[in-house]
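Visitor: As given, the protein sequences belong to chains A and B, one line each in that order. Using the working numbering, the letters of the first sequence map in sequence onto residues 2 to 241. Using the working numbering, the letters of the second sequence map in sequence onto residues -5 to 397.
Think of the hints as simulated: they come from the structure by calculation, not from any bench. These numbers were taken from a predicted model, which means no experiment stands behind them. Check each hint, because a few of them may be wrong.
To be verified - For lysine to any residue, the following SDA-like pairs were computed, each having C-alpha atoms within a straight-line distance of at most 25 Å:
#1 Lys15(A) x Ala345(B)
#2 Lys106(A) x Ser364(B)
#3 Lys60(A) x Asp358(B)
#4 Lys372(B) x Pro120(A)
#5 Lys36(A) x Glu347(B)
#6 Lys19(A) x Asn220(A)
#7 Lys343(B) x Gln86(A)
#8 Lys343(B) x Arg95(A)
#9 Lys372(B) x Ala119(A)
#10 Lys343(B) x Pro72(A)
#11 Lys372(B) x Ala340(B)
#12 Lys343(B) x Tyr128(A)
#13 Lys66(B) x Arg23(B)
#14 Lys106(A) x Val367(B)
#15 Lys8(B) x Ser22(B)
#16 Lys343(B) x Phe130(A)
#17 Lys343(B) x Arg97(A)
#18 Lys372(B) x Gly93(A)
#19 Lys106(A) x Glu384(B)
#20 Lys372(B) x Val113(A)
#21 Lys372(B) x Gly105(A)
#22 Lys149(A) x Glu361(B)
#23 Lys343(B) x Ile12(A)
#24 Lys343(B) x Val367(B)
#25 Lys343(B) x Asp98(A)
#26 Lys343(B) x Arg87(A)
#27 Lys7(B) x Gly144(B)
#28 Lys15(A) x Gly59(A)
#29 Lys343(B) x Gly93(A)
#30 Lys9(B) x Asp115(B)
#31 Lys15(A) x Ala346(B)
#32 Lys343(B) x Tyr74(A)
#33 Lys304(B) x Pro244(B)
#34 Lys36(A) x Asn13(A)
#35 Lys372(B) x Thr101(A)
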Amino acid sequence: MLKIEDLWVTINGKEILKGIDLHIPAGEAHVLFGKNGSGKSSLLMAIMGFSHYTLGQGKIIFRGQDITNLPTYERARLGLGLAFQRPPTIRGVRTRDILTACAGKRPYQDLVEQYGFAPFLDREINYGFSGGEIKRTELLQLMVQDPKMVLLDEPESGVDMENLQVVGEIIGRLLQKDRRRQHREKSGLIITHTGFILDYINADRAYILGEGRLCCQGNPRELLHDIKSYGYEECAKCRR
Amino acid sequence: MSEMKQRAEHVRKKKAAFGPDVNLAEYSRQGGAWEYDPDYRGFSPEERSRLLTTGIELTDEDHAGTFLQADKTIVHCRAQQPGVEVLPITEAVRRYDWVADHLWRLVAVDADKYTASTELDLDNGYFIRALPGARIEQPVESCLYLRTDGFAQHVHNLVVVEEGAELHLITGCATHPGVVSGLHIGVSEFYVRQGGRLTFTMVHNWGEQVHVRPRTGVLVEAGGHYISNYILLRPVKSVQMYPTVTLNGPGAVARMQSILIAHPGSELDVGGRVILNAPRTRAEIIARTITTGGTSTARGHLVGLVPEIKAHLECRGLILAPQGVIIAIPELEGRVAGVEMSHEAAVGKIAAEEVEYLMARGLDEDEAVSTIVRGFLKVKIEGLPPALEEEMERVIQETGKGL
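Work out the full structure: start from the sequences and follow the hints.
Guide: Structure (structure tokens):
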């Protein structure tokens, strides 16, 4: 589904990602751990093609197509979907306007009802939303957008326990976790600090990103256990 | 010579405090000799289309009253519902003794040469009155129309919303599609009596070389509501206006909104002042301005004269072209302790992160910018019946296309 080869990225001349290699097959969900400032969000932004992130070298292949130089909207149309950690507020633009843009001709009213989102439809996007509401809106947009691959930037941060379950359910649905493994087509790359989200999705693989490099990979729960037990510094030294 | 005329005579050449000066001698006072048009048959399809984008439907249906003045001439004037009166101002002065006493009380006749010209050489204007207790749900639609190129139109309007009455007035001001230059001077005085409610929505759609000088004063008595919406989205040479609302009785409310686009070559100086002169009065001034190359000065002035008043001023500007200029001048003037007044002003370009956010949802850059601009212009027009609110939103969206 997604293949990244030797990706180097700078922001304002500063190197943020230093030779990332990553392969996420169709139907798999991978998790990205890392300290604050390690480059996790930058990796998702670079995959999405945001202008602030300058690619020095490397390639991004998505569904067999080299998207390295494609604009963001074309990547979205090919099936990449990003849930932002801190999405902007756009005054005057209603949540309904964006959902309509995401949906194209697909109906989305059932999803809105199912996740109790009707009261938010006519509110300005993200304006005055709580942390949980922001995450739910982001995920609802992805549900409506129906991407082949989701990029989730800390979907559980700022979410209370009650909303966490809803967020987990939506992510599970986005990743087709209700299907048997061989029948899943959707993939995901998920940034998490707490690992709470692992209770809701059975992730296939995890990585630790440190100082712009993928320095460790393995079973998500084992890696999380190691991070909790020994900290990121020890994990970085291990270099598996 | 009357006292008013004498005062006007003294200021024939007095420049306005704000905005570019206009040489009145450059404009003709010979308007077209248009005939009265009871069923609007004299309007070409092009005129109809242009007036429609100004919110003017050219029909008496679904309107409590209609008034249309082309150049100097009243071509249509009709009240259709009990409780509402619609007359040319010249006729109202003849019919009611008290009308003349209501003129030049809220706007000074000697404010500048534009007010003076209106007194000294009046064309006409509308008189609209909602009788005591009358709740007029359908709007009264008025249109001040420049149909002759190079003409200077002088109108004086009077609106009286009597005690406990409610009136929605939509004024569309426009030029004929063939008119390039002209001058419109519109003096308006609105009285909202105790417990009355007036919603005044004004849509401007002028020619690229037209100068516009509205002069408006509003008096709101106890418990009265005055809500104004001003929409100017098409090119114009210059507009300078600074309506003043006085909230003179306890619990009176004013809300003034303006949605403006300054096109290349346009110079807009649009402000608003609310004087809160009684306890528990509330006021809000909201301005949304976009420049695609023109200059826009957005002024707002709130004056709190007594305690227990609450007022807020909000001005947001979006610069969409490098040569565009937006100047926001918010003023708060509290004269006693116990006033609660605030303002916020922000001017800038569209944030790149907002554009990219929408692009991540599959919108290309133009679609993303257009969505953000449409959202910026979408100010809730309060005080209108839902059908009218939808209509106004449609006008804004229609007029804002192609930015």
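Visitor: Hints first: check each against the structure and report whether it holds.
Guide: Status of the hints after comparison with the structure:
no.	hint	verdict
1	Lys15(A) x Ala345(B)	22 Å, holds
2	Lys106(A) x Ser364(B)	20 Å, holds
3	Lys60(A) x Asp358(B)	23 Å, holds
4	Lys372(B) x Pro120(A)	19 Å, holds
5	Lys36(A) x Glu347(B)	24 Å, holds
6	Lys19(A) x Asn220(A)	23 Å, holds
7	Lys343(B) x Gln86(A)	24 Å, holds
8	Lys343(B) x Arg95(A)	20 Å, holds
9	Lys372(B) x Ala119(A)	20 Å, holds
10	Lys343(B) x Pro72(A)	21 Å, holds
11	Lys372(B) x Ala340(B)	16 Å, holds
12	Lys343(B) x Tyr128(A)	19 Å, holds
13	Lys66(B) x Arg23(B)	9 Å, holds
14	Lys106(A) x Val367(B)	23 Å, holds
15	Lys8(B) x Ser22(B)	20 Å, holds
16	Lys343(B) x Phe130(A)	24 Å, holds
17	Lys343(B) x Arg97(A)	24 Å, holds
18	Lys372(B) x Gly93(A)	6 Å, holds
19	Lys106(A) x Glu384(B)	24 Å, holds
20	Lys372(B) x Val113(A)	23 Å, holds
21	Lys372(B) x Gly105(A)	22 Å, holds
22	Lys149(A) x Glu361(B)	23 Å, holds
23	Lys343(B) x Ile12(A)	22 Å, holds
24	Lys343(B) x Val367(B)	11 Å, holds
25	Lys343(B) x Asp98(A)	21 Å, holds
26	Lys343(B) x Arg87(A)	20 Å, holds
27	Lys7(B) x Gly144(B)	20 Å, holds
28	Lys15(A) x Gly59(A)	17 Å, holds
29	Lys343(B) x Gly93(A)	15 Å, holds
30	Lys9(B) x Asp115(B)	18 Å, holds
31	Lys15(A) x Ala346(B)	20 Å, holds
32	Lys343(B) x Tyr74(A)	21 Å, holds
33	Lys304(B) x Pro244(B)	12 Å, holds
34	Lys36(A) x Asn13(A)	21 Å, holds
35	Lys372(B) x Thr101(A)	17 Å, holds
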